[in-house]
Structures are given as structure tokens and as C-alpha cells.
Amino acid sequence: MFGTREKHTLRQAAFSREASFWTLYEDFREPILGLTVSKDGVMLDQRSNTFLLYPTYNGMILPYTYFADISHLRIETERGNVEFCMDGIDQLRIRGRGVGLRMVLRAEKPFGSAVGCRGVYPTPDGAWEADFGTACKMLFVPLAGCFHASSPWNLEKGEFDSVEIDFIPSAETGAFESAVHEHNDFRARDETYALFDEMRAKSQSDYDSFVEKNLKKPAKGWEDLYRYAAYVIWSHRTRVTGKFLDTMARMHLVWANYCMSWQQSYNSMPMLNNPEEAWRLQKVMFKYQIPNGQIPASVSFYDVGVGGMQPAFQALAFDWIVSRCGDDFLTAEDCEEMYPKFVGWLNFWLSARNAGHGDDRVFIFSAHESGWDDLSLYQKGFPIETPDLFAYMIMLMDLCARLAGKLGKNDEAEAWSRRSKRLLDTLVTDLWDGEQFVGYLTATGETVKCKSLAMFQALVLGKERLPQRIIDELAEQVMRPEYLTDIGLVTESLESPLCHFGFNFVLGRVVTPCNMLTAVGLYRCGKIEEAREISRRVCRNLYDNGILLGFAPSDTEPVTGEPVVTWENPTGSDGWPWTTWAASAALVMLTAIME
Amino acid sequence: MIGSVSGLDLTRIPFGRTRSRFMVFEENNADREERRPGPGKVMRQEYPVQREDPNDVDFARGLYFAVCAQGGAAPRRRGLVDIAPIYGGEPIPYTYTATPSHLRLDTDKGGVRIALDTAKTMRIEGKGVGVRLYVKLPFMSMMNAQLLPSGVVEYNLRSVYAGGGVFFFKKLKGEITLDSKFDPALNGPAYVHAEFLPDENGVFEVAAYSMSPDEWGYIEYEDFDACVDSAEREFGDFLAKFPDVGAKYQGMKELSAYAMWISYQAKSSAPILPTLKSDMIYADMMREGQARACEQPLYSMALSDTDEAVKLLGGNLAHMQNGMLPATISDSTPNFRAFPPTFGVAALRLLKNADAGAAKRAADALYGPLAEHYDWWFKSHSLAKDRLSYNTRDEYGFSASSYSALPFPIETPDLYAYMILYAEALAEMSGLVGDGKKDGWASSSARLLDTLLTLWDGERFVCQGAVSGRRYASDSLLAYLPVMLGKRLPQDIIDALAGRLGDEETFLSPYGFRSESRVSSGFDTAAVGRGAVDAALQMMATGGLFDAGAVDLAARAAARLLTAMEEFGARDSLTSEGEQPVRRPADDFNPIGCAAMIYLAEKLHTCGKGAAV
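Listed in order, the protein sequences are those of chains A and B. Residue 98 in my numbering sits at position 98 of the first sequence, with consecutive numbering throughout. Residue 325 in my numbering sits at position 325 of the second sequence, with consecutive numbering throughout.
Looking at chain A on its own, in the form it has when it is part of the complex (with noise of 0.2 Å):
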């Protein structure tokens, strides 16, 4: 699946697994694997926990392939390999054949050093633990052969020259075994330990029944790239522990390792054989609602970001999932529970984000309320009123009618469909210029027109909301050239002169799900064969470069027409992998859009 010799490597996807924070991947500057434990934003090559991993024979460091599938990676030498595979708790599992492993904390610049450890010290129980700080410890335990921890102090910096650990084969065998578990306090080694084929065998039960479960199957020819975003979100996904209070999706393994508000819900879109699995992933953020009924920006395992705050996406995930699989998943205990919960999170935005003009209008504070963090149509400033936000809060509103109408309280239930009949009749009416969806300054009352991507998004509202004509005319609008590239659409119009493919986010390079919301509402809007067209270009970029959350489409700028001039990976860019927004949206595409 990822490797040598595989189509993909474990540059554009990390091994890990389900509730799991061990990570492993290829590096970008050199061909070698790296191990770490994940638990916090920092990049991977900032982060100070990170092993970079050798075979040995005899000492002798070898080179190697490696090959990764679901369950276990594989590190192969002439002389034999190493094997690794996870458990859904804490711990790492390492078996080697006829061969050694040196681990290396990467320590030498420019990928940060050695500091990070903090000390390598036998245990009273027999074991030995590695010391990372607040990163984490691993508690390392000999099962066969054994191992030597060398961690030399240089006393004039104040660190470790150098930490190493080198698992030995046993002279009788040839073979080494040792668990290796990560945690954040104290923890002393278990008493039995499973087989390694067991653990990797519960790897991939795991994988096949998450997939199974929740998935529906690919477009045909597309199962590698299916398999392979399936991969990606079944192994972000979290066990209750630290600050995650239930199973959530992370945005990356090693950098950013946040659970993201809306992309809880962004990773819901495709779990169409499990709704109630869909619908739990949209509830999930509810569970760190504030009394105000805002809900914080992300969850981390040491964090929630409490200080920003993310768009009301909870219900455009809904309306999806609704549309495509109907309301029977609601139980009546979900309704009684939830429907509260929406209301107060609907009238933080009525109340708290009110655009003051005696009705539901609500505007933005910042760019990163909407998503779109360098869109366009905020050249203009703030607080703005944008289609997107009026198409959340119409669909949040329709949530709720629908939840008060399951419990009923048929009243109120027709109360917020009225709102949210009234709110659409101002979309279309004022923020719709008769050509495009446009926004609107609060303060200055004037409207802003711009050439982005975003003022595309309400079509995910659908045909039973949106007038025939707005649609025809942004689906007709967004299939032109100046959107419609050979990989997808970009952000902002090629023909604005806004558009750049360089360092920015939205404002022209081809972001992945920003095309999927763009399919989804093409196709919730009737046109299917767009939504499609869209959708293929997406995914077969997606299969040829990784799933990436965002490309150029070209090597030239459409404005200067001079090279385009991006980060480099590893940083925090749209180019940077192994991301569960852009593998969310490619399975939407891949099982409900392409079907």
C-alpha cells in the first residue's frame, strides 16, 4: 500500500492507527523512516520526540525498503527486517528477524536536537523509560533479545549529544521483540503482552470492520485511492483519553495535531452506511459546548482551543447526510439531548454574531470564522455578511425545526422554519446581485463582489432551497475555464488578480475540500454530471500526488506569469499530507458523488 516500491509512500500518508499516537513516516529531505509519538501541534521537524530508524547487523547500519499496509510496517534488508504494529491504546510493538534496530533521535540541525529527551533511565519494574517532557515518555520493555540505550550528556550545552537505542537479536534466535509504550505520567509495564501477529491481526479486524461499517463502496477504479483516504481517517481517529472526551478525527498525525470544530463534521460527509456514526461525529464538539453555546475552535490531547472559534458546518453535514440516508438514525433520546445543544450554539450566532438590522443576518468577525482564511472578499474588512454564513445558519435552523418537530414541539419547529424560509429569501434576494452571491458590509452598508470559490458554497443549500435560476447560473459560472482546471477548481478565479498559487490558502490553488463542497452542492442542486466532472479531476490528481489538502495547478503564476514560489515540505502549507479534511472530502467524492 505505501513503500518503496509502492505507488504511493509513507511520505503522503503516516503509518499509524486507530487510537493511536505512534506515528511513523518517510522523511522529505531523505529516504529514511522516522518514529514519533504525536500528541501535539508541533512540526515534524521541530518536534523534539522523533527517532529517525536504522536496521543493524552486527552494528552495522544496512540500507533498507520498506513496505507499510493497514496493519504493520516492514522494514526489509538483506539480512532479515523489522516489523512494527500498534495497539488501539498506547502501545508500539517492534519484531526483528535476523537483524537489529538502531533508533536515532533526530538531533542535528536543521531538525531541532537532542534537547527534547530529557533522560533514558532503567525502570524499578525492569523496564526502560525515555523522558520527552510534555511531548510524552516511552516506557520501553525488552519481550526478546534486548536492548542498549546509549545517551551521552554534553555538559556544556546542557542536553544529550545524542540519544540512541539499539534493539539486539538474541544469539539463540536472531530475533528481537520489545513493546514500547507512550504516556504523559506515570505508567509501569503490563504484566502479559499479546503476540505481535494478534495486535497486527486486531489492526486490520479493526480497519476492515471501521470501513465496512461506515463506508459504502468506491466508484469503480477507484478502490486504491479509497483505501488509501479510508486509511488516512481511520488512523486520525482518536480513543477517549487527555482532552478528547470522545473518538475524533485529527487534521494531521505530525503537525497540527488538532481536532478541528467543523472538520469533525467535514469527516462525517462520508460515513453514509453508519448515519449514526455520521451524526455522533457531528455531535462530538457538543460535548465541550460553553454556556454561551459557542463551541470552541479545536480539541487536542492537551488543549481546547477555546479563544476562536470555527463555521456552524455541523448542519451542512446534517443536511448532507439526510439527504442521502434520511432521519431514521434521530432517536428520540438524540433529539432530546441535542436539540438544546443546536438551538444554543444557533442563537450564539443569532445573538452574538446579529448583524444588527432587526432580523437573523449574522456577519463574521474574522476569516477564520467562515473557514476561509484569505478569501477575497474580505479585502474590504469586517464584520461581513457572506452567503456561506447565511447558508450554515439556514441549515442550522432547519436542524433544529427537525429536531423540534422529532420531539413535538411542533410550534417551535415551525417557528425556526419560518426563519429559516426568511433567511433564504434575503440570501437570494439580498446578497444576490442577479450574477453572483456577493457580501455585505455591515458597517458601510456596502456590497462586496469577488471571484472566489466561496461564492459558490451555498449551492450546497440544494434544489429545494435554491431558486432553478441561481443554480443554473453558478453551475454554468464555475464549469468555465477560469475556475475549472484539469485537477479541480481553483479558489479564486484565474482571472482575478488576486489569484496566486504561492503561500496562500484560498486564494487560487486548488484545495481539495473546497472542491468536494462545491461537488456537494452541485449534486444536491440536480447537477450531477458537473458535480462529477469536478469530482474526477479532484481524485485523480489526488491518486497521482497524495492527498493533499491543496495544489497549484500549474508551475507558472496566472497573474505574472513568473514561477511559482511555495513552501517546501515539511511545513504548515495546503502541500502538506496525510491530512483527514482533504481524505473526508475525497471519500465523499469517490463514494457518493462518483458513485
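Keep in mind the hints are simulated off the structure, nothing from the lab. There are no misleading hints in this set.
With a cut-off of at most 25 Å between alpha-carbon atoms, the simulated BS3-like pairs for lysine-lysine come out as follows:
| hint | chain 1 | residue 1 | chain 2 | residue 2 |
| --- | --- | --- | --- | --- |
| 1 | A | Lys287 | B | Lys267 |
| 2 | B | Lys277 | A | Lys243 |
| 3 | A | Lys287 | B | Lys277 |
| 4 | B | Lys241 | B | Lys277 |
| 5 | A | Lys213 | A | Lys287 |
Listed next, the stretches of chain A that the computed footprint assigns to chain B, with coverage defined by at least 3 CB atoms under 8 Å from CB atoms of chain B:
| hint | segment |
| --- | --- |
| 6 | 150 to 163 |
| 7 | 366 to 374 |
| 8 | 501 to 513 |
Since this is a predicted model, take the numbers as computed values, not measurements. Just so you know, even glycine gets a beta-carbon here, dropped at the ideal spot from N, CA and C.
We have chain A already, so just place chain B on it with the hints.
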């Protein structure tokens, strides 16, 4: 001399309020170049240039509004907001006066007053002049500011890079303007420039609030003068919890108490899964932004109020997981690692000073979790019966100490001393709670004392490799901390320790005890834990000498330290001879230095030797 609480020098100590994360300090780029204006005299020059690396920058000199960024090194220059009085649209020169209750900026055209109201609210009012707030935002930082309805300005400086908090400034009188333009090409605004302008009566008033509002009328605030009065009263109440130190050190005591007061941070108000679960004193507000576990008990030793001391001593226990405590804690990430177990030495002092009722209350509150934590040491740090070792170089509290040259895990005299006192304190508390384990704790303490004495080589205590059994002589002051044990040690050992400590060529410096012997090859006069005079170690070494009966030496060391602190500030660490390093602004009073100052001043005062040294 260093000023007083009636005229705080904000280049040396921030203006703040207990349990509040708001601060105002005077930026003088002291850590960039050696320049320090006289207190209270500031001339606004130009807008600051805040580049991408906030630690490599010359800021415009003047007052800055900041929050204590949570957790980790070097947060001082995150999320800073430049404050300047303005008139006619331009910044004007000003002077300032700060007290624990409020900060006043005076200009030729009028004045501005700033007070901290609730823990989350700051109040700003002006007469005759306005105020400009300015901050330059880093590229792609996700920070921004908005002018909201009802005249509220939101500063969202809480990005992954800044961690500077979210603030809402609500106008109560006058006008607020905001200039902060979103630039798509920059992925956000480049700067935030807000002005609070007087109304037709020449007055403006603003309430500043941190974190998310429930609604636009959310900001609760008191009458400005009531707020000033309550801050003054609250500080007075806190000051009364410290012992009498005599007239000579009264001013320093007040400044030190003030620094501890503003560093006392409230448990998290986060509605979900708070990290900081109890009120604790942060190691400092400007630099570190977190509480150090080993220092909380030491802070308690500076107090005369037993109940307050119990709160401090036990503050960290709410964070225990699997018997383990975090060594540092804030509203950010807790760092679970071992730290010097100072609980025993502090608890024994507390129990000794408490009346029967207070001692019982203390035992009821502390005994259970402390016993669990004591046991954890043996589960995690004991490779042989009745033996304990540090696993890493972070665990003894001074990672640069010459201990760090030794192979780890390492058995050290200081660890045994801490644990002997820890077990003894548990024995006393066991007696008070009546769980029948008093003798067991006492026996554990005695066994550890026996083990410690095996590390005496006839001249000094040595360290021992926990795996190899090899012994290592050490010139670290840490190896002399068994002096804390006082009369529990044989007199010849006390005499030997005191003799070495009192030797000016080794440990006794002009400013107190060096953390490393001057004759050690590793000695560095400025290195924390390896030559500098570290406040925490002064408390234990000097305090121990007092208790061991070496009063003359103890008084001499204490007086030297206090004299140095009068000149340089109650710092956590002082260079042991020569010039003191220039520090970041407002970083001259650190709570551990302040606790040492008060603790030793009280010892000096009560031993009657103060005048003689």
C-alpha cells in the same frame, strides 16, 4: 535601593493584581542593550517594530499592556499591546506612577488611570487625553481585531504563534476607533491600531475583558474608585499574612509580597476540562508563565498565615495522576516529571508554627495525597530497597548543576534529605489524622537517614550511581542540602557542612551561598545551579543552618543575600559575584526570590543577629 510599593518601577516589576493575567510593564529593551531609564520617566518615541521573531527586536520604550501567556519559556513578547496617551491624534510624553491599586499616566494635557477590576477585567479612564493601543501582527498568525457593535473592540491575539489572549475593550464613555485592515495577500491584518478618545466632556472610560463574551452587554465592572479601593484592601490583606521582618526590610517585604500577590494565579476559569485546577503562584509573570511545583511549598514557608500556607503547599496536589505530580503547571500543558520533594521541609515548618486546630486542618487536607505522592517515588525512582535516585537531570531542580556531569540514575544527598523530612512530616500528619501509620512513616524516615549516612565519606556527602554503585564527590551546593536536617545529623557532620559552607573560597559569596563551590571546575558565577546564588537553595541551606544551630553563619549568609536583593531585586537567581546581568524588563522580582527574602528576613529578625552582621 529599589523603590517601593507606593511607586512601583515598572521596568522592574509589572503592575498587576492577584488572580489576574493582565499586566502593564515598561519596556526598555533592557535585555537588548544596557539602558535603563529612571523609574516613571518615559518618552514615547515611535511605533514599535515587532518583527517575526519577537525576541530579537527593539521595542519602542514605554508602557505595554500584556497578559501572562500560559506555559513555557519566553512568553513575554507575545501579544503585547503598546499603550500611549494621545492628544490631537499624536502620542505625547508622559510620566507614570504605579501602586498595587492603580496605574496613573500623567501628561501636560491630562491623565489616564488604569486599574484591574475583577480577575478578568481591566479599567482604563482618561481626562483631557486619549489612549492609543497598537500591535503589529505577524504574517499568517490568525490574529485579528474587530470593532463590534456597542463600541466593543475585540483583540484576538491568541494565535498559535502568539498565545497572547483574547481581549474585549468596551467603551463606557467617549469613542473607540479601530484601524486594522484585512489583507488577503497577508492572510490577515498587518496591525491593530485602536484609539480611545474623550467625549465632549474630555473624558473616556473603557473596560477591558478577557475571553469570550456571552453577549455584548457582558462586561461587568465596578466603579473605578471602588475598584482601586478593593485592590488596595486585597493587597493589604495578603501582606498581613506574612511575618514581621523588622523595620529594615519592611519595604522589601512589601515589594516581595506584591510580586507574590500578582503572581498568584487563579485556577482556570475554562468551562471545559480546565488544566490549572487550583490557585498557584507562578514562577514569574513575564518569562515563564507557569507554576513550578517544587516552589509552591517554599512559598508557603514565607507565610505566617497557616491556612494560606496550606493552600500553597497543597495547591499542586489537585493535578495528581497515578501518584505523579506535574513539575510545572499552567493553563497550558502540564509537565509530569519528578521534582525536588520540598513538601516535607515546608510541612514540618507549617505544623510547627500552627496551633492544634490549624495543624489538624492541614493534616486532613494534605496527608492523603502527600502519602500517595511519597509512595510514587518508590514505585518510580527506587532501584533497590530504601534507596532512591533521580532519573534525569531535570529532577533535582537545577539542571545545569554539576550533578549533570554524573551518570544517571544517581542517588544524591539532597534527595535523601528531602525524603527524610517528607516521611517525618507524614508521620506527624498521620498522628494527627489517626490512621495508625505514624510509626511506619517514622521508620521509613529513619531508614532513609541511615542510607544517607552511608553517603558520608568522612568529609562530605557524596552521590552514588544507582546502577553502578560508584561514588562521586560533588561540589554542588545540592550535596550540602542535608544541612536542612539540622539536629537529626550528628554534630560532627553539621560542623563539617557548616565549615565548608562558610568558607568564602568555596560556597559563601558576597551575596549568599554559591550553588557550586567556587573551586569546582564547573563553577560559573552566573550559572543557575552551578555557581549563581539561587534563591530556593538559600532558603534550604541558610534555613537549615539556622535550624542546625549554626546561627552566626546563617545570619551572615542571610544578611548578604538580603543586601543584594535590596540592590538588584528579589530575583530567583543572582550572580554570585561581580555585576548582575541585565534582565528583561519587569523581571527583577520573582516569587521564589521574594519568598526567600521574607523567609530569611524573618529568621534574621527573630534570631537577634540582624544588627550584628
